[in-house]
Amino acid sequence: MKQDVPQNYTKPDAGVPYVLVGLTGSIGSGKSAVGKILEEHGIPVLQADAIAKELMNNDPELRQAIIQQFGPMAYRDGELNKSWIAEQIFSNPAQRAAMNNLVHPRTIAEQGRRAVALANAGKRVVVCEAALMYESGGVERFDYIVVVDAKPEIRYQRAALRDAASVQEIQRRDAAQIPAAKKVEMADFVIRNDGTEAELRRNAMFIIMLLQGLPPRREMELPDDLDEDPDDSENDGIAPQNDPLAKQRRPQGNGLPPES
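Per our numbering, the sequence shown starts with residue 1, numbered consecutively.
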């Protein structure tokens, strides 16, 4: 079946109002743990990794494109040869870009279709989780972006334990992504995950309560007293003019007072 791959990423129209949220974070930050907390509270989470895996294994057109790009070793016993592919893309920036160009647009399109179905089924908030949300483009389709973050040394140890890899290998993978500090800078909300599971749950619950009460961004009116000067340092919560997401006043939150 030929995929409908978008050229311009916009928020999928469900015909009903809903809030589309992007959930991301650097390797080992704990975004999947946050996703599970969201799901526990009735908020559906569409995982990009799971959708991409499904497409790479089941979409004939995508499978053929991957084989043409990487050769027959890309698949083994009918399934994507994940370890072999990982070696190719993390050691070769050109191959990594090629894979991203094949997979990301299709994954984004499928996330959009599923988000619309969930909205039409009555879900007011739908979350799309993706590790490479900024790298893959299309963040403008989201009403809000939530970034999960932790100190680098904590992230590296978590990911190394999870993936049975060395810290050096995790650092190499992390270096291929947009820096964590930049993701935090571009986020609407930040959830810190440097502490205990209870602390993470508390921080996530704070964001859940906010999201459940916020309107879709396109329907949110600016306050009358919004200062038009983007350089006014007193305007906490107003995104910089050069941020592609800076269309509205953007609240910041992590379960704690905003950082200065």
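Watch out, some of these pointers could steer you wrong.
Below are the SDA-like pairs computed for lysine to any residue, each with C-alpha atoms no more than 20 Å apart in a straight line [unchecked claim]:
#1 K123 - S136
#2 K53 - G71
#3 K151 - K123
#4 K53 - Q95
#5 K53 - I67
#6 K82 - A160
#7 K151 - S166
#8 K82 - A159
#9 K82 - E61
#10 K36 - R114
#11 K151 - L214
#12 K182 - V139
#13 K82 - P72
#14 K53 - P179
#15 K151 - G137
#16 K36 - G15
#17 K123 - G71
#18 K182 - I145
#19 K53 - A98
#20 K53 - K123
#21 K36 - K182
#22 K11 - K82
#23 K182 - G137
#24 K82 - R114
#25 K123 - R113
#26 K36 - A176
#27 K11 - P215
#28 K182 - R114
#29 K11 - L214
Hints in this document: simulated from the structure, not taken from any laboratory.
Verification of the supplied hints:
Distance hint between K123 and S136 is unfulfilled; the C-alpha atoms sit about 25 Å from each other, more than 20 Å. Among the hinted pairs, K53 with G71 is consistent with the structure: their alpha-carbon atoms are about 18 Å apart, no more than 20 Å. For the hint linking K151 to K123, the alpha-carbon distance of about 33 Å lies beyond 20 Å, and the restraint is violated. A distance of roughly 18 Å separates the Cα atoms of K53 and Q95; the hinted pair therefore holds under the 20 Å criterion.
With a C-alpha separation of about 15 Å, the suggested pair K53 and I67 falls inside the 20 Å cut-off, and the hint holds. Between K82 and A160 the alpha-carbon distance is near 17 Å, which keeps this suggested pair within the 20 Å criterion. The suggested pairing of K151 with S166 holds, with an alpha-carbon distance near 17 Å, which does not exceed 20 Å. Using a Cα cut-off of 20 Å, the hinted pair K82 and A159 holds, with the two alpha carbons roughly 17 Å apart.
A threshold of 20 Å between alpha carbons decides the hint, and for K82 with E61 the separation of about 18 Å falls inside it, so the pair holds. Annotation: proposed proximity of K36 to R114 holds, straight-line Cα distance about 18 Å (limit 20 Å). A threshold of 20 Å between alpha carbons decides the hint, and for K151 with L214 the separation of about 29 Å lies outside it, so the pair is violated. Simply put, K182 and V139 have alpha-carbon atoms about 14 Å apart, close enough for the 20 Å limit, and the pair holds.
Restraint check: the Cα-Cα separation between K82 and P72 comes to about 13 Å, which is no more than 20 Å; the hinted pair holds. Straight-line distance between C-alpha atoms of K53 and P179 comes to about 25 Å, which puts the hinted pair past the 20 Å bound. At most 20 Å may separate the alpha-carbon atoms for a hinted pair to count; K151 and G137 exceed this at roughly 25 Å. Only pairs whose Cα atoms come within 20 Å are accepted, and K36 paired with G15 is rejected, the gap being roughly 27 Å.
For the hint pairing K123 with G71, the CA-to-CA distance comes to about 42 Å; that exceeds 20 Å, so the pair is violated. For a cut-off of 20 Å, the pair hint linking K182 to I145 stands: about 13 Å separates their Cα positions. Of the supplied pair hints, the one linking K53 and A98 holds, its CA atoms being roughly 16 Å apart against a limit of 20 Å. Between the alpha carbons of K53 and K123 the distance comes to roughly 25 Å, so the proposed pair goes past 20 Å and is violated.
Straight-line distance between C-alpha atoms of K36 and K182 comes to about 25 Å, which puts the hinted pair past the 20 Å bound. Distance hint between K11 and K82 is unfulfilled; the C-alpha atoms sit about 31 Å from each other, more than 20 Å. Annotation: proposed proximity of K182 to G137 holds, straight-line Cα distance about 15 Å (limit 20 Å). The suggested pairing of K82 with R114 is violated, with an alpha-carbon distance near 25 Å, which exceeds 20 Å.
Taken as a hint, the K123 and R113 pair is honoured in the structure, with Cα atoms around 14 Å apart against an allowance of 20 Å. Our distance criterion of 20 Å between C-alpha atoms is broken by K36 and A176, whose separation comes to about 26 Å. Straight-line distance between C-alpha atoms of K11 and P215 comes to about 14 Å, which keeps the hinted pair within the 20 Å bound. Among the hinted pairs, K182 with R114 is inconsistent with the structure: their alpha-carbon atoms are about 29 Å apart, more than 20 Å.
Our distance criterion of 20 Å between C-alpha atoms is met by K11 and L214, whose separation comes to about 16 Å.
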